[in-house]
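Using the sequences and the hints, build the whole thing.
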Amino acid sequence: MENILGLVALACGIIVGLGAIGASIGIALMGGKFLESSARQPELMNDLQTKMFILAGLIDAAFLIGVAIALLFAFANPFAL
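Numbering (the numbering used here), first residue to last: 602 to 682.
These are computed hints drawn from the structure, not numbers from a lab.
Backbone N, C-alpha and C define an ideal beta-carbon position, used for all residues, glycine too.
Treat each hint with caution, since some may be false.
[Stated by the list, open to error] The calculated label-pair distances, taken between Cβ atoms and stated as ranges, are: (1) I605 to S638: 44 to 50 Å; (2) M631 to F676: 28 to 34 Å; (3) A610 to A640: 42 to 48 Å; (4) A612 to G632: 29 to 35 Å; (5) S625 to A669: 17 to 23 Å; (6) I666 to A640: 31 to 37 Å; (7) F680 to L645: 48 to 54 Å.
Below you can see the structure in the form of C-alpha coordinates.
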(Lines of atoms letter the chains of each structure in order from A and count residues from 1; the text may use other names and numbers.)
(Lines give C-alpha, C1' and ligand atoms only; values in the text may rest on other atoms or scores of the structure.)
Protein backbone atom coordinates (compact mmCIF):
# COMPACT_ATOMS: atom_id res chain seq x y z
CA MET A 1 0.00 0.00 0.00
CA GLU A 2 2.78 2.44 0.89
CA ASN A 3 4.58 1.52 -2.32
CA ILE A 4 1.54 2.44 -4.40
CA LEU A 5 1.07 5.75 -2.58
CA GLY A 6 4.74 6.59 -3.03
CA LEU A 7 4.61 5.88 -6.75
CA VAL A 8 1.42 7.94 -7.11
CA ALA A 9 3.12 10.86 -5.34
CA LEU A 10 6.10 10.52 -7.68
CA ALA A 11 3.79 10.43 -10.71
CA CYS A 12 1.97 13.56 -9.50
CA GLY A 13 5.27 15.39 -9.19
CA ILE A 14 6.31 14.33 -12.67
CA ILE A 15 2.95 15.38 -14.16
CA VAL A 16 3.10 18.83 -12.59
CA GLY A 17 6.82 19.32 -13.28
CA LEU A 18 6.72 18.36 -16.94
CA GLY A 19 3.55 20.37 -17.46
CA ALA A 20 5.16 23.46 -15.94
CA ILE A 21 8.28 23.04 -18.06
CA GLY A 22 6.23 22.57 -21.22
CA ALA A 23 4.01 25.56 -20.53
CA SER A 24 7.01 27.76 -19.71
CA ILE A 25 8.82 26.80 -22.90
CA GLY A 26 5.67 27.27 -24.98
CA ILE A 27 4.93 30.73 -23.60
CA ALA A 28 8.58 31.76 -23.93
CA LEU A 29 8.73 30.71 -27.59
CA MET A 30 5.43 32.40 -28.32
CA GLY A 31 6.54 35.61 -26.59
CA GLY A 32 9.78 35.65 -28.56
CA LYS A 33 7.95 35.20 -31.85
CA PHE A 34 5.51 37.95 -30.83
CA LEU A 35 8.39 40.37 -30.23
CA GLU A 36 9.99 39.43 -33.55
CA SER A 37 6.78 39.91 -35.50
CA SER A 38 5.84 43.17 -33.76
CA ALA A 39 9.31 44.55 -34.47
CA ARG A 40 8.95 43.54 -38.12
CA GLN A 41 5.42 44.93 -38.54
CA PRO A 42 4.52 47.39 -35.76
CA GLU A 43 1.14 48.21 -37.30
CA LEU A 44 -0.10 44.67 -36.49
CA MET A 45 0.97 44.83 -32.85
CA ASN A 46 -2.56 45.16 -31.37
CA ASP A 47 -3.97 42.21 -33.34
CA LEU A 48 -0.96 40.06 -32.54
CA GLN A 49 -1.12 40.95 -28.85
CA THR A 50 -4.75 39.85 -28.63
CA LYS A 51 -3.95 36.52 -30.28
CA MET A 52 -0.89 36.06 -28.07
CA PHE A 53 -2.92 36.47 -24.87
CA ILE A 54 -5.56 34.01 -26.10
CA LEU A 55 -2.88 31.44 -26.89
CA ALA A 56 -1.14 32.04 -23.55
CA GLY A 57 -4.43 31.29 -21.81
CA LEU A 58 -4.82 28.06 -23.78
CA ILE A 59 -1.28 26.98 -22.96
CA ASP A 60 -1.87 27.65 -19.28
CA ALA A 61 -5.19 25.80 -19.44
CA ALA A 62 -3.39 22.67 -20.65
CA PHE A 63 -1.02 22.94 -17.69
CA LEU A 64 -3.90 23.41 -15.25
CA ILE A 65 -5.64 20.32 -16.63
CA GLY A 66 -2.47 18.37 -15.81
CA VAL A 67 -2.48 19.81 -12.29
CA ALA A 68 -6.13 18.79 -11.87
CA ILE A 69 -5.33 15.23 -12.96
CA ALA A 70 -2.41 15.13 -10.52
CA LEU A 71 -4.67 16.35 -7.70
CA LEU A 72 -7.21 13.69 -8.64
CA PHE A 73 -4.57 11.00 -8.31
CA ALA A 74 -3.25 12.51 -5.08
CA PHE A 75 -6.52 12.87 -3.16
CA ALA A 76 -9.00 10.48 -4.82
CA ASN A 77 -6.51 7.78 -5.64
CA PRO A 78 -8.14 5.12 -7.83
CA PHE A 79 -5.15 2.80 -7.38
CA ALA A 80 -5.39 2.49 -3.59
CA LEU A 81 -7.91 -0.04 -2.37
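Verification of the hints:
no.	hint	result
1	I605 to S638: 44 to 50 Å	49 Å, holds
2	M631 to F676: 28 to 34 Å	32 Å, holds
3	A610 to A640: 42 to 48 Å	45 Å, holds
4	A612 to G632: 29 to 35 Å	30 Å, holds
5	S625 to A669: 17 to 23 Å	18 Å, holds
6	I666 to A640: 31 to 37 Å	33 Å, holds
7	F680 to L645: 48 to 54 Å	50 Å, holds
Every hint from the earlier list agrees with this structure, and none is contradicted.
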